[in-house]
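Hints given; two lone chains; assemble the complex.
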Amino acid sequence: MADLKLKGVTIVETFAEAFPMVGTRIIITAPSQEWALIAARTMTGFATSVIACGAEAGIERTLSPDETMDGRPGVAVLLFTMDSDKLQRQLRNRVGQCVLTSPGSACFAGLEGEKKLKLGASLRFFGDGWQMSKLVGGRRFWRIPVMDGEFLCEATTGLTKKAVGGGNLLVLGKTHAAVLAASERAVKAIAEIEGVITPFPGGIVRSGSKVGSKYKGQIASTNDAYCPTLKAAVKTDLPFDVEAVMEIVIDGLTKESIARAMHAGIHAIAEGGAKQGITHITAGNYGGNLGPHHFHLKEIVA
Amino acid sequence: MSALAFELKGKPDQRLDLSQLIPERLKDLKAKDIERLAIGSTRVPLTVGDVFKVKGNEASDLRFVGTDGRCDKIGAGLKDGTIIVDGDVGAYLGAGMKRGRIEVKGNAGVLAAASMAGGSIAVSGNVDERAGGILVGETMGMKGGVLTIGGDAGPMVGERMRRGLVIVEGNAGDYAGGRMIAGTILFKRKVGRGAGYGLRRGSLIFVEEPNELLPTFGDCGVMEFDYLQLLEHWLRETGKRISLGDRARRLMGDMSVLGKGEMLILA
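So the sequences go chain by chain: E and H.
Note that the working numbering has the first sequence beginning at 166, numbered continuously upward.
Note that the working numbering has the second sequence beginning at 7, numbered continuously upward.
Okay, chain H solo, but in the shape it has when bound (with noise of 0.2 Å):
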C-alpha cells in the first residue's frame, strides 16, 4: 500500500472545493470513483481526474503535490489520518478538522485551522489572516489541537479562539489573540497593533515584546512560572526546537471585556 496522492497538473481556471479528499469519504471509493467526484466551485463542473493525477491506494495517508493557492478546504472536516501537502493551500486548510494531522510544505491562505477541534496542523510558510479563527456561522474559533505556523501569520490569527495552541514561528499581523475566549497562542517573532484586543481568558506569550502594548492590559511584574517550563518541556517532547525559560512578565486583560486572560512577555 503506498500514499494516495494527488498531483495537480496544471493551474486550475476555479478555486477547487477539496474538502471531499479525506480518508473518511476515500477509504471505500475505486481509483475511477474517486476520479469522478466534484471538486469545482463554479458552473463549469470539474472532477478530481481533471486536475490531478491520482496515485496509490492508502486512503488514510494522503499527498497532494503541486497545490496552488486556488486549491481550497484541504483537510477540512479531518477525522483521523495524514495528509501531507508539498506546495501551497488555499483557504480552509483543516478547517473544523477533529483529528489526524495535516502538513503544508508552502503557503496557506485564509481561515487555516479554522474553528478545527483537535489534531495538528503545520504550516512550513506563512497563513493568511484569521489561521485559528473563526468559521462563518461557529461561535467559536479554534477548539482544540495544534497549529504550528513556520513562517508569518496574517491578521487576526486565533481570533475567537476556545481552546488548544498556535504557535506562530515568524511575525503575527494586527490583532492577534482578537476577541480570544480562552487557548495559548505563542508568538516566537512581532506582533502587529492590538495584539490580545477583547482577550477574556487564554495566554498570549510572546518571545520578544510587542511594540505596543493595548491600554485596557494591566502589568503585574516579572515573576516565575512553571506552567512554561511544562510547555517548553512539552513542546521539546514533540520535536520543537524551544526555549521559554521560567521567568515572564504577566499582562492580564483585556480589561475591557472579562479581564482574565493574560499576556505572558518572556523575561
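Here chain E stands alone, though its shape is the one from the complex (with noise of 0.2 Å):
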C-alpha cells in the first residue's frame, strides 16, 4: 500500500465514514465574555455522542460584541442530532436549563436555515403571561421576566438538514503524550474552522467504538482494533510500535466544512513530524456501506 507521507506521518489511504444529521446553531450573549462560555459550556455540557446524550453540541467560536445583536459578548454554539424533533427537544431543554438560568444571559438565532426552530417561542410560557413580544427589525424576540431582569430570546432559530456528523481522525503514535499533544493541536487548529464542533471532551475521544458486542443489548463497545493493550489477542490495526490511540469527531453544518476542518486537523498533527512520535493518521469507517459521506485522507490532505 503506497501510503501518503507528511512529514514523515504516515496518511493511510482510507475514509472516515460520516451521517448526515439535523444542526442548528445559537448565539449566547451575556454580560461578560466569561457568562457567555459558562451558559455555553453548560448547555452543551453531556452531548459527545447522540449513543447516549440525545445529541452533540460545543462551542463553535467565542463572539466579540460588534458580532453580537446586542453588543454584548456571545459565544456561538453548534446542535446537532439525527433528527428535526429530537433536536427541537433537545434545543427546548438544553437553552431552557442551561441558558434560561444563567445570570445575564441571552439567546439569539444563529442560523438562518430552511426551516425554523422554536427557540423562544416555547421559552416563553416560562413568563406565566408577563412575556413580552418584540419584533426588532423583522426577527421577532420575546422578553421574559425572571429575577435579574430579563431574558431575551430570539423566537425561532434555523435548522440545516444538511449537517453531517462523524467526520473523524485517528492518531496513531508511539507514546501517550505525543498523541495527546498532537490531537490538542488539531483540536486548536479545527477551532478555527467555521460550521463546526468537537464534541467530546477537549474535542478528543480515547474510547473509540464498534458497533455492537458479544452482549445482549449492548449496542456499541470498544474499537478492539485499535486498542493497543489487545494486539496479540486481536485482529489489529495497529503497527507494534503504537502505544496509543485518540480520535478527534467532527460534526459540521455543512459537509464542505468537516472537510476543512479535517484538512486543518491533519496538518496540525503532523505539524512535529514523525520525530514527535506520531506514527499514522487514520480514520474510521464502517466499510463505506453505513454512511453516505466519506472523507478520503489522501484528498483531504491535499
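Since the hints were made in silico from the structure, they are not lab data.
Possibly wrong hints are sitting among the right ones.
Claimed, not checked - Straight-line distance between alpha carbons at most 30 Å, and here's what the computed DSS-like set of lysine-lysine pairs gives:
hint, chain 1, residue 1, chain 2, residue 2
1, H, 104, H, 194
2, E, 326, E, 251
3, E, 353, E, 420
4, E, 281, H, 85
5, E, 280, H, 104
6, E, 283, H, 266
7, E, 420, E, 281
8, E, 440, E, 396
9, E, 170, E, 400
10, H, 111, H, 38
11, H, 246, H, 194
12, E, 281, H, 266
13, H, 59, H, 33
14, E, 420, E, 326
15, E, 396, E, 172
16, H, 194, E, 283
17, E, 172, E, 463
18, E, 353, E, 381
19, H, 194, E, 280
20, H, 104, E, 281
21, E, 170, E, 463
What follows is the structure in C-alpha cells.
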C-alpha cells in the first residue's frame, strides 16, 4: 500500500465515514465573555455523542461585542441530532435549563436555515403571561421576566438538514503524551474552522467504538482493533510500536466544513513530524456502506 | 430609466387624492395615461396633467417635487418601491401601506402612516395628529413597519397601534400611544399630557422623563434591559444615531385596562 507521508507521518489510504445530521446554531450573549462561556459550556455539557446524550453539541467560537445583536460578548454554539424532532426537544431543554438559568444571558438565532426551530417561542411560557414579544428588524424576540431582570430570547432559529456528523481522524503514536499533544494541536486548529465542533471532552475521544458487542443489548463496544493492549489477541489494525490512539470526531453544518476541519486537523497533527512520536493518521469507517459521506484522507490532505 | 417625478405646477385649488400614484398602479401606464388620472376631490374634475409636470419613467422610484399640505394620500396602500417627496404632504401619507419606503423632506398632515402594515416612512419635519394611528373603519392603528418623525408629532401618535416602531425625534403631543394594543414608540424629547392612556401592551420608551405620568401606571423601579441594547444596536445598523444605554425605569400600565404595557424611561 502506497501510503502518503506528511513530515514522516503516514497518512493511511482510507476514509472517514460520516452521517447526515440535522443541526442548528444559536448565539448566547452575556454581560461578560466569561458568563457567555459558562452558559455555553453548561448547555453543551453531556453532549458528546447521540448514542446516549441525545445530542452532540459544542462551542463553535466566541464572538466579540460588535459581532452580536445586542453588543455584548457572545458565544456561538452548534447543536446536532439525528432528526428534527429530537433537535427541537434538545434545544428547548438545553436552552431552557442552561441558558435561561444563567445570569444575564440572552439567546439569539445563529442560522437562517431552511426550516425554523422554536427557541423563545416555546421558552416564553416560562413568563407565565408576563412575557412580551418584540419585533426588531423583522425578527421576533421574547422578553421573559426573570429574577435578574429579563431573559431576551429570539423566537426561532434556523435548522439545517445538510449537517454532517462523525467526520473523524485517528491519531496513532509511540507514546500517550505524543498522541495527546498532537490531538490537542488538531482540536485547536479545527476550532478555527467555521461551522464545526469537536463534541468530545476537549475535542478528543480515547474510547472509539465499534458497532455491536458480544453482550446482548450493548449497541456499541470498544474498538478492539485499535486497542494497544489487545494487539496480540485480536485482528489489530495497529503497528506493534503504537502505544496509544486517540480520535477526533467532528460535526459540521456542511460537508465542506468537515473537509476543511479534517484538513486543518491532519496538518496540525503532522506539524511536529514523525520525530515527535506520531506514526500514523487514519480515519474510522464501517466499510462505506453505512454513511453516505466519505472523506478520503488522501484528498483531504491536499 | 430615471425616477418618475411629479412636479407641482402651482398651488392646487382643491385637495388632491394622490393614492393612485403608486408604483403598482403606474407601472404599466404610458405618460399620457398617467396624466389623465383623476386626482381631484371635488365636483370640479382634475387630472395629474392639470397640476403636475410629469417627468421620467421608472415607476418603482417615484418623486414628488414642490408638493404642499393639500396633497393627500401620497403612498397610501403602497406595496413596493420608493417614494421620495421634496415638499410637504397632506393627510394619510402612506396610510395602510404594506411594503416599500417613503421619505418626506417636509411636514406631513394628519394620519400619516395610519394603519400601515409594513415598510418604512421617514418624515423629516413635523406630523399632525394621529400619526401611526387608526384609519376610519379599521380596528387597529399601525400594524408593522417603521415610522420616523424628524420633527414634532401631533396628539395621539400611535393611537391603537398594534405592531411596529415609531420614532419621534422632536416633541410629541397629548395622549401619545393612546389606546395602544402593542408595538413600540420611542420618544426622544418631551411628550404632552396623558401619554400611554389606555395602553394594553406595547412599549413607550422615553429618552427624557415625561412631565407628568398617568396615575394608572405602576412603578417597577430602575433595572437593566438587554432589549434596549438590542434595539439600539439595530437602530444604529439602520443608520440612526441613537444611544439608549441599558438601564431604564419601568412603569407598567395602563392598569385601567389590561396593564401589560410599559413605559421605559431611560436612566
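Given the hint that residue 194(H) pairs with residue 280(E), does the C-alpha gap stay at or below 30 Å?
-> Outside the cut-off at roughly 38 Å; violated.
Is the hinted pair residue 283(E) and residue 266(H) satisfied, with a Cα-Cα distance of at most 30 Å?
-> Distance of about 24 Å is within 30 Å: holds.
Pairwise hint evaluation, residue 194(H) against residue 104(H), where the allowed Cα distance is 30 Å at most = Cα-Cα ~26 Å, so holds.
Does the alpha-carbon distance linking residue 326(E) and residue 251(E) stay inside the 30 Å limit?
-> holds (13 Å)
Decide if the proposed pair is consistent with the structure: residue 353(E) and residue 420(E), CA atoms, cutoff 30 Å inclusive.
-> Holds, at about 20 Å.
Holds or violated: residue 170(E) to residue 400(E), with C-alpha atoms at most 30 Å apart = Between residue 170(E) and residue 400(E) the Cα gap is close to 24 Å, so the pair holds against 30 Å.
Given the hint that residue 172(E) pairs with residue 463(E), test it: the Cα-Cα distance must not exceed 30 Å.
-> holds (15 Å)
Does the structure keep residue 396(E) and residue 172(E) at a Cα separation of 30 Å or less?
-> holds (26 Å)
Would you check the hint for residue 246(H) and residue 194(H), treating anything up to 30 Å between C-alpha atoms as holding?
-> holds (12 Å)
Hinted pair residue 170(E) and residue 463(E), Cα distance within 30 Å | The hint holds at about 10 Å.
Straight-line alpha-carbon gap residue 281(E) to residue 266(H), limit 30 Å | The given pair, whose Cα atoms are some 28 Å apart, holds under the 30 Å limit.
Is the hinted pair residue 420(E) and residue 326(E) satisfied, with a Cα-Cα distance of at most 30 Å?
-> holds (11 Å)
Taken one by one, the earlier hints fail for this structure at numbers 16, 18 and 19, listed in ascending order.
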